[in-house]
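One-letter residues, chain by chain:
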Amino acid sequence: MANLIIFLVLLVLGYVFGQMAERRHFKSIIERERQYKHIMCFNERTLPPQTISPEVALVAGNVVISIDYFKRIVAGLNNIFGGRVAAYESLIERARREAILRMKAEAETLGGQSIFNVKLETASIYKGSGQQVGSVEVYAYGTTLIKRT
Amino acid sequence: MGYENRDIPEGINVSETHPLKEFAWLAAGLIILVVFSVVALSLAAEHLTRYIPFSVEQKATASLSKRYTDEHPLSQQQLQVQNYLQTLANALVIHQGLDDNMTIKIHYVDDDTINAFATLGGHIVVFKGLLQMMPHENALSMVMAHEIAHIKHRDPIVSLGRGLTVYLALTSIAGVGNNSAFEDVLGQTGLLTMMSFSREQESAADREAMLTLKRYYGHLNGAAALFEMLEHEKDEPNLPSFFNTHPLTDKRIKAIKGFASSFRAEGDTTVKALPDFLRQSL
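Going line by line, the protein sequences match chains A and B.
Letter 102 of the first sequence, counting from 1, is numbered 102 in my numbering, and no numbers are missing.
Letter 59 of the second sequence, counting from 1, is numbered 59 in my numbering, and no numbers are missing.
Bear in mind the hints are in silico, worked out from the structure with no lab data behind them.
Take these hints with a grain of salt, some might be off.
To be verified - Quick list of simulated restraints, FRET-style, between CB atoms:
no., chain 1, residue 1, chain 2, residue 2, range
1, B, 28, A, 56, 38 to 48 Å
2, A, 21, B, 47, 48 to 58 Å
3, A, 122, B, 47, 26 to 36 Å
4, B, 56, A, 17, 50 to 60 Å
5, B, 37, A, 64, 35 to 45 Å
6, A, 10, B, 29, 51 to 61 Å
7, B, 250, A, 16, 20 to 30 Å
To be verified - If you want the ones that stay clear, here's a sample from chain B, every Cβ over 10 Å from chain A, calculated:
no., residue
8, 4
9, 5
10, 15
11, 40
12, 67
13, 110
14, 127
15, 157
16, 168
17, 208
18, 271
19, 275
A virtual CB, placed ideally from N, CA and C, is assigned to each residue, including glycine.
Construct all of the structure, not just a fragment, from the sequences and the given hints.
Put into structure tokens, the structure is as follows:
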């Protein structure tokens, strides 16, 4: 019985705080995406032919986002019944966009105007069975082009 | 440059479902799945475990029982009590009509716990605490006949089979989820059901015990005595463990009274006192 109460309390806490954090995070992501709109990202490996040898630098941004208890339970249920794991979709989306934003922020401090050859790496931080702390890391990196002055 | 980053519409990578709604659907589905599989599996297990021969049960518990008796030797006096209980049990066994291959072994435990239970392999454990409460032999016989009836009905092995099956099923569902929280919640409910007799099993054992007492004494006087005493003590905070899992005492008394009035008592209808040595050694 005590375990059930702990479970329900964790579930409610996970839901309330998880949803709050997610809403706040999305709001900030959308805002900053507008702010860094002038730094464009491409996954092309070669530069446009007309580019006159710019200065280049490696820029990267990474983020680790943890799942909340509610999401983990819902995903656990998804594991039994199958289907889209909607609880994780928004999590991964947040991580991807945040990582790109941090990469763009670095590019801006270097005075870059665009980032080429953008790649995303992802890793899950997972303590395995038992005490599970599931987090996802997304690492974005690319080459920023800085106009020579 | 001719290059551009177009605005990506919001929400294209995320499913538009309310998380609570999804959770409700999934949880309801899981509950239905669990309830259905537990009911189906326990019915199947109950049915199948009856095919395990009693001799297998005996063989499996023999070494455990021997080790226990070796580790907990009884004094001369306690041995006398155990022998008395064994003799009473043997008489009741004859009147209950157990299969020939079924043997009952009584274990007396010098402990204040108010309890008696039947377990695998025909072993019945009686605690001193329960004996101390006994007003007379008839009340004791009722409890003994009840425990013997559990053995006759194969209740211990059936309960264990049912409990283990349900436990395995629940842990394997939890294993699919691979989630410790599920394991906690599901695993515990499984453990609770392991090795406890159902209300139906208890009622059946009571009926069997009443029939046995009718054959043994010719009447049911005093059979309900212990339950009446427990009923009086119900207001006290610590409920004796003996009747936690048993049918409501009130209902049991009524059932015994009802059965007793359904036939005419024969022979000597006075209750038999417990032997003096037993009183002294408790």
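inquiry  = Let me make sure I understand: some of the numbered hints might not hold for this structure. Which ones are they, in numerical order?
reply    = Hints 1, 3, 6, 7, 8, 9, 10 are the ones this structure does not satisfy, whereas the remaining hints hold.
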